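With chain A fixed as given, assemble chains B, C and D onto it according to the hints.
Protein chains in written order, with this note's numbering: chain A, 1 to 173; chain B, 1 to 357; chain C, 1 to 371; chain D, 1 to 176.
Simulated from the structure, these hints should not be mistaken for lab results.
Only a predicted model underlies this, so the values are computations on that prediction, with no experimental measurement involved.
Do not rely on the hints blindly, as some may be mistaken.
Capping the alpha-carbon separation at 25 Å, the derived lysine-lysine pairs in DSS-like fashion look like this [said to hold, decoys possible]:
1. A:K2 <-> C:K194
2. D:K38 <-> D:K103
3. C:K180 <-> A:K20
4. C:K241 <-> C:K275
5. C:K241 <-> D:K38
6. C:K173 <-> C:K252
7. D:K99 <-> D:K38
8. D:K161 <-> D:K27
9. A:K107 <-> D:K173
10. C:K232 <-> D:K2
11. D:K2 <-> C:K85
12. C:K275 <-> C:K180
13. C:K250 <-> C:K184
14. D:K38 <-> C:K50
15. C:K194 <-> C:K250
16. A:K20 <-> B:K84
17. C:K298 <-> C:K50
18. C:K252 <-> A:K2
19. C:K85 <-> D:K103
20. C:K50 <-> A:K107
21. C:K298 <-> D:K161
22. C:K50 <-> D:K161
23. C:K295 <-> D:K27
24. D:K75 <-> C:K50
25. A:K78 <-> A:K100
26. B:K84 <-> B:K74
27. B:K338 <-> A:K2
28. A:K160 <-> A:K94
29. C:K232 <-> D:K95
30. A:K160 <-> A:K78
31. C:K252 <-> B:K144
32. D:K12 <-> D:K99
33. D:K161 <-> D:K70
Just a few of them, taken from the derived set where beta-carbon distance is under 8 Å, the chain C residues facing chain A [as the list claims (entries may be wrong)]:
34. T28
35. T126
36. K194
All residues carry an ideal CB built from backbone N, CA and C; glycine is no exception.
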Amino acid sequence: MKEYFNNIFTALFTIFVGMKVTLRHLFTPSVTIQYPDVKLPLPERERNRLYVNMDDCIGCDQCARACPVNCIEIETVKSLPGEDLGKTSNGKKKALWVTKFTIDFAKCCYCQLCVFPCPTECIYMTDVYEFSEYDRNNLIYDFATLTTEERIQKLENLDKHYHERETKKLGRI
Amino acid sequence: MMYDFLYELTGSSIIAGTIIALLPLFAFILPFALFAVLLERKVAGHMQDRLGPMRVGYHGILQTIADIIKLIQKEDIIARENDKLFFNIAPVLTFVGSYAAFAVIPFSSIFLGAKIDLGIFYIIAVTGLVVAGILMAGWASNNKYSLLGAMRSASQIISYEIPTILVVLSIVMMTGTMSLFDLSENQTGSFWNWYIFGGPSISIQKFLLIPFMFIGFIIIYISTLAEVNRTPFDIPEAESELVSGYHTEYSGMKFAMFFLAEYANMFAVSAIVATMFFGGYQSPFGYLGNSLNLVWLIPIEQFFWFIFKGIFFVFVQMWLRWTLPRLRVDQLMAASWKYLIPIAFVNLLIIGFITLI
Amino acid sequence: MSVKTEEMVLNMGPQHPSTHGVLRLELTLDGEIITKVVPHIGYLHRCFEKHCEVMTYPQVIPYTDRMDYLAAMGNEFGYVIGVEKLLGIQVPERVEYIRVIMAELQRIASHLVAIGTYGADIGAFTPFLYCFRDRERILNLFEITCGARLLYNYIWIGGLSHDLHPDFIRLTKEFIREFKPNLKELNNILTYNKIFIDRTANVGILPLETAINFGITGPMLRASGLRWDLRKDDTYSVYNKFDFEIPVGKGKMGTVGDSWDRYYVRVLEMEESIKIIEQAIAQLPDGDVTSAIPKKIKPPVGHIYSRVENPRGELGYFIISDGSTSPFRVKVRAPSFVNLQIMDELCRGHLVADVIAILGSVDIVLGEVDR
Amino acid sequence: MKSFEEISELLKNNFSDIHFEFHPEAKFEPYILVPANKIDTVCLFLRDNNELYFDSLINLSAVDDFNGNKIKDDKGNEIMQGGTMSIYYHMESIKFRHKLLIKVILDRDNPSVNSVTSIWNCANWHEREAFDLFGINFNNHPDLRRILMPYDWEFGHPLRKDYQNPEFYQGMKVPY
Numbered sequence: 001m002k003e004y005f006n007n008i009f010t011a012l013f014t015i016f017v018g019m020k021v022t023l024r025h026l027f028t029p030s031v032t033i034q035y036p037d038v039k040l041p042l043p044e045r046e047r048n049r050l051y052v053n054m055d056d057c058i059g060c061d062q063c064a065r066a067c068p069v070n071c072i073e074i075e076t077v078k079s080l081p082g083e084d085l086g087k088t089s090n091g092k093k094k095a096l097w098v099t100k101f102t103i104d105f106a107k108c109c110y111c112q113l114c115v116f117p118c119p120t121e122c123i124y125m126t127d128v129y130e131f132s133e134y135d136r137n138n139l140i141y142d143f144a145t146l147t148t149e150e151r152i153q154k155l156e157n158l159d160k161h162y163h164e165r166e167t168k169k170l171g172r173i
Numbered sequence: 001m002m003y004d005f006l007y008e009l010t011g012s013s014i015i016a017g018t019i020i021a022l023l024p025l026f027a028f029i030l031p032f033a034l035f036a037v038l039l040e041r042k043v044a045g046h047m048q049d050r051l052g053p054m055r056v057g058y059h060g061i062l063q064t065i066a067d068i069i070k071l072i073q074k075e076d077i078i079a080r081e082n083d084k085l086f087f088n089i090a091p092v093l094t095f096v097g098s099y100a101a102f103a104v105i106p107f108s109s110i111f112l113g114a115k116i117d118l119g120i121f122y123i124i125a126v127t128g129l130v131v132a133g134i135l136m137a138g139w140a141s142n143n144k145y146s147l148l149g150a151m152r153s154a155s156q157i158i159s160y161e162i163p164t165i166l167v168v169l170s171i172v173m174m175t176g177t178m179s180l181f182d183l184s185e186n187q188t189g190s191f192w193n194w195y196i197f198g199g200p201s202i203s204i205q206k207f208l209l210i211p212f213m214f215i216g217f218i219i220i221y222i223s224t225l226a227e228v229n230r231t232p233f234d235i236p237e238a239e240s241e242l243v244s245g246y247h248t249e250y251s252g253m254k255f256a257m258f259f260l261a262e263y264a265n266m267f268a269v270s271a272i273v274a275t276m277f278f279g280g281y282q283s284p285f286g287y288l289g290n291s292l293n294l295v296w297l298i299p300i301e302q303f304f305w306f307i308f309k310g311i312f313f314v315f316v317q318m319w320l321r322w323t324l325p326r327l328r329v330d331q332l333m334a335a336s337w338k339y340l341i342p343i344a345f346v347n348l349l350i351i352g353f354i355t356l357i
Numbered sequence: 001m002s003v004k005t006e007e008m009v010l011n012m013g014p015q016h017p018s019t020h021g022v023l024r025l026e027l028t029l030d031g032e033i034i035t036k037v038v039p040h041i042g043y044l045h046r047c048f049e050k051h052c053e054v055m056t057y058p059q060v061i062p063y064t065d066r067m068d069y070l071a072a073m074g075n076e077f078g079y080v081i082g083v084e085k086l087l088g089i090q091v092p093e094r095v096e097y098i099r100v101i102m103a104e105l106q107r108i109a110s111h112l113v114a115i116g117t118y119g120a121d122i123g124a125f126t127p128f129l130y131c132f133r134d135r136e137r138i139l140n141l142f143e144i145t146c147g148a149r150l151l152y153n154y155i156w157i158g159g160l161s162h163d164l165h166p167d168f169i170r171l172t173k174e175f176i177r178e179f180k181p182n183l184k185e186l187n188n189i190l191t192y193n194k195i196f197i198d199r200t201a202n203v204g205i206l207p208l209e210t211a212i213n214f215g216i217t218g219p220m221l222r223a224s225g226l227r228w229d230l231r232k233d234d235t236y237s238v239y240n241k242f243d244f245e246i247p248v249g250k251g252k253m254g255t256v257g258d259s260w261d262r263y264y265v266r267v268l269e270m271e272e273s274i275k276i277i278e279q280a281i282a283q284l285p286d287g288d289v290t291s292a293i294p295k296k297i298k299p300p301v302g303h304i305y306s307r308v309e310n311p312r313g314e315l316g317y318f319i320i321s322d323g324s325t326s327p328f329r330v331k332v333r334a335p336s337f338v339n340l341q342i343m344d345e346l347c348r349g350h351l352v353a354d355v356i357a358i359l360g361s362v363d364i365v366l367g368e369v370d371r
Numbered sequence: 001m002k003s004f005e006e007i008s009e010l011l012k013n014n015f016s017d018i019h020f021e022f023h024p025e026a027k028f029e030p031y032i033l034v035p036a037n038k039i040d041t042v043c044l045f046l047r048d049n050n051e052l053y054f055d056s057l058i059n060l061s062a063v064d065d066f067n068g069n070k071i072k073d074d075k076g077n078e079i080m081q082g083g084t085m086s087i088y089y090h091m092e093s094i095k096f097r098h099k100l101l102i103k104v105i106l107d108r109d110n111p112s113v114n115s116v117t118s119i120w121n122c123a124n125w126h127e128r129e130a131f132d133l134f135g136i137n138f139n140n141h142p143d144l145r146r147i148l149m150p151y152d153w154e155f156g157h158p159l160r161k162d163y164q165n166p167e168f169y170q171g172m173k174v175p176y
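Isolated chain A (complex conformation) (with noise of 0.2 Å):
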């Protein structure tokens, strides 16, 4: 008999225990913000979308190696010897076309591996979040800076330049 009183005493003593926390609740300010008008600033760390600076790529492919999930083409051209490409920000010569340069978002999983290894710190993540796309393949983005038939004639260029070295190597034997 005492324990069905002790029940029914515990069972009214913990409700109103229960109801007094959410009553307190009722009144603290609450924690959420309304989105779309008010936004979080990010911290500076922040791993949202990739950014690559192409004036300072050197086309080393060591961040396509490190992507553990293969998002990263990289396709490069040699440069004739007596082309000039520029130097990069830190003053190192660069000596490959980058013909090709595609990141494809949809697989990147954000894990930063890509940005340690780069020699020219080129490659670096924003703090762009909100880049959704109806369309799977909108999100492979393109940051090579050469135009189509730029690509196509620097792959001639090689090729000619082959093909001459191979003329004058078999002339001089």
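Quick look at chains B, C and D alone, frame taken from chain A:
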């Protein structure tokens, strides 16, 4: 009251009757349901440190209207395997069950549906319809989960009907009348004359009754909570187990009917508790109308007080919903049969003795 | 003439609000009483172990985060300790302390999810939101240090990806100061609530022998009364420098090893984790966190089994290396995978509503079960 | 707390007929090589002997050693002939706090070994996973069916090194 007034006005009983029948629905229940849904979501929000709906209208005021429009334009799916007849009747029946109870609830001295002197008896009989509606819904949707949910809710409502009746009996025994109108009239004067404080007469009986009336109030409040399927007794639509019980298969307007029935029932139940224990439409501190002797102001004040008490109890129901976890089915039955009913019996007995002194 | 009752098979999941992910429980019911539970898993299988065989050692770390996505720091910790043993690297003192702080913060965050969803399963929705409001603060701490909120790739082989953020210490102290009263408030609203106790006490009792035989580890084993915690019994990293107790189930509200005990052990563990964090912050040495990170990781041939005390139990990595830059085989002993086997044993004879209570107390994460 | 040598000693004189191979100097973890058909008797002894009392099996991992000879099959992709597969049993005694690693080597073409589920229930799903991903079948296992892959996956066992993804599975393209 209202009926005689309308009868002289329109001259024919049919028109007066229909107006009286439709008045509570359109004048009160629909706006109340709109308000209660928004109140529930706002109360839930702020109790959980969040804001609740803020987008539709200023601070989310038009949210329920948006919900209603959404539900209306949703497709009303009737599965091939459903038992068509019962599937369509069920929501109507549950709504009628709770709507019919409004016929006798005294909103104020002049506005009263029907001044029958079997008030409470009629209400308890009519709320029985809801059980039939739920069982029909559960069976007709031909889905394992709904059948389980319907079975559970039927057994729950029936087993919580008994403590309600016992407490109602103790009130009826004490006051001698079953008509809600007389009940409210007896509790005039200040809040000290309310039945929760032992009724109008100043005598030894009054002070003896106070503790037992309080116990009676707690029992009836808990059991009406169960009858309306609110937490901690909302097992029929326990999302975690039965994927929302008997109204799983419903969509569109029929689901809105169930939704509306729930809120109408919530208010009906808290109105009955307020009438029986907290002096229906009586104001706790006397009327402004008397002091300014504007006689026509009193019924409006009474209407205001009644709505205030009703909404306060609806708020407490919501408050409980967002604090307590849910009981299991057998614990729910145990709570009713082992705890509420015995205590209600003893309470009835003691009140009987006290009224005999 | 006995009425022929036919057993009803009820499929709970894989899309079910309270199975904590894509798990299908096939319940055979006799009326409302459960006679058999057959868990069907594999809906979230992403072949982690096949990935490891084609990735280099550092590239596997983002994959380990995705196994138990609620305790990503713990997963990285286990894997990185294994590879460091293979390479024989000794990590600077500061890295060890930061790893312990991060692991313990992750334990609090993971237990908050476990407790919040457990309350929501039983029907109390409000504590769920209180727990998530506190968890947001921990995620913000992780965000300012390594940039991500859930899958960090922060603990690297031989060190860390970033050093602590300048005001990380201040924010952590602030969090701890504000978290303690919240924990007490959580106890008021949920732990000692009579309805919650009725729903969880004496439900799903796990005796100690069956727990050990089924290989159960973590809060479930401790709730059954055994004081077994890898941080103390098989000490790794610098856990021996802190003093903290291991909470054990005492059957306060029912018998030892019931669902309430499993829940309550997690609440006490959060308090212990706070103690560890406070001591770790006090003794945090200085130093460079990226000094011991090797440029080329080619461990010698051999195999190692390294294990770590994750919020859900013992997470073990069996790494076999064949001398090349990518592991030959990585077998993961995921705690949720092992703890889930006990569901049939625990749920027999209970009601349908209890299955949800028991599953909540077992606290599984499907990413880890299916790997 | 028994060291690896004491455990080896105990095993040697209890099972004189079984030929054990002890590797105390193995890189990073000493292990004992046990013949495949005797694994359940040895494990039962290890669990029930009250000096050793290995009452908890931590982990059971199957490894495809991939050391047979590679040949080309008709469709041009290479498959493995011969070679071995091994299973590692990590076990631990909670009472005496000592750990042990037991290795079993099986033939790769039709690997089969006795199941230890009767000794440690924990092994049940580990063995089902080994069967599902490697194709090792465990004799007298309570219900040996696939656990992680779909139940009707008849394209072989994924974690084998020479596993080829099927083109279509029930009409769905597999490699996306």
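Against the structure, the hints come out as follows:
no. : hint              : in the structure
1   : A:K2 <-> C:K194   : holds, 16 Å
2   : D:K38 <-> D:K103  : holds, 12 Å
3   : C:K180 <-> A:K20  : holds, 18 Å
4   : C:K241 <-> C:K275 : holds, 12 Å
5   : C:K241 <-> D:K38  : violated, 44 Å
6   : C:K173 <-> C:K252 : violated, 32 Å
7   : D:K99 <-> D:K38   : holds, 20 Å
8   : D:K161 <-> D:K27  : holds, 23 Å
9   : A:K107 <-> D:K173 : holds, 19 Å
10  : C:K232 <-> D:K2   : holds, 19 Å
11  : D:K2 <-> C:K85    : holds, 23 Å
12  : C:K275 <-> C:K180 : holds, 11 Å
13  : C:K250 <-> C:K184 : holds, 20 Å
14  : D:K38 <-> C:K50   : violated, 30 Å
15  : C:K194 <-> C:K250 : holds, 18 Å
16  : A:K20 <-> B:K84   : violated, 47 Å
17  : C:K298 <-> C:K50  : holds, 19 Å
18  : C:K252 <-> A:K2   : holds, 19 Å
19  : C:K85 <-> D:K103  : holds, 21 Å
20  : C:K50 <-> A:K107  : holds, 18 Å
21  : C:K298 <-> D:K161 : holds, 21 Å
22  : C:K50 <-> D:K161  : holds, 9 Å
23  : C:K295 <-> D:K27  : holds, 23 Å
24  : D:K75 <-> C:K50   : holds, 23 Å
25  : A:K78 <-> A:K100  : holds, 13 Å
26  : B:K84 <-> B:K74   : holds, 19 Å
27  : B:K338 <-> A:K2   : holds, 14 Å
28  : A:K160 <-> A:K94  : holds, 21 Å
29  : C:K232 <-> D:K95  : holds, 15 Å
30  : A:K160 <-> A:K78  : holds, 13 Å
31  : C:K252 <-> B:K144 : violated, 37 Å
32  : D:K12 <-> D:K99   : holds, 18 Å
33  : D:K161 <-> D:K70  : holds, 11 Å
34  : T28               : violated, 33 Å
35  : T126              : holds, 6 Å
36  : K194              : holds, 4 Å
Checked against the numbered hints given earlier, this structure breaks hints 5, 6, 14, 16, 31 and 34; the rest are met.
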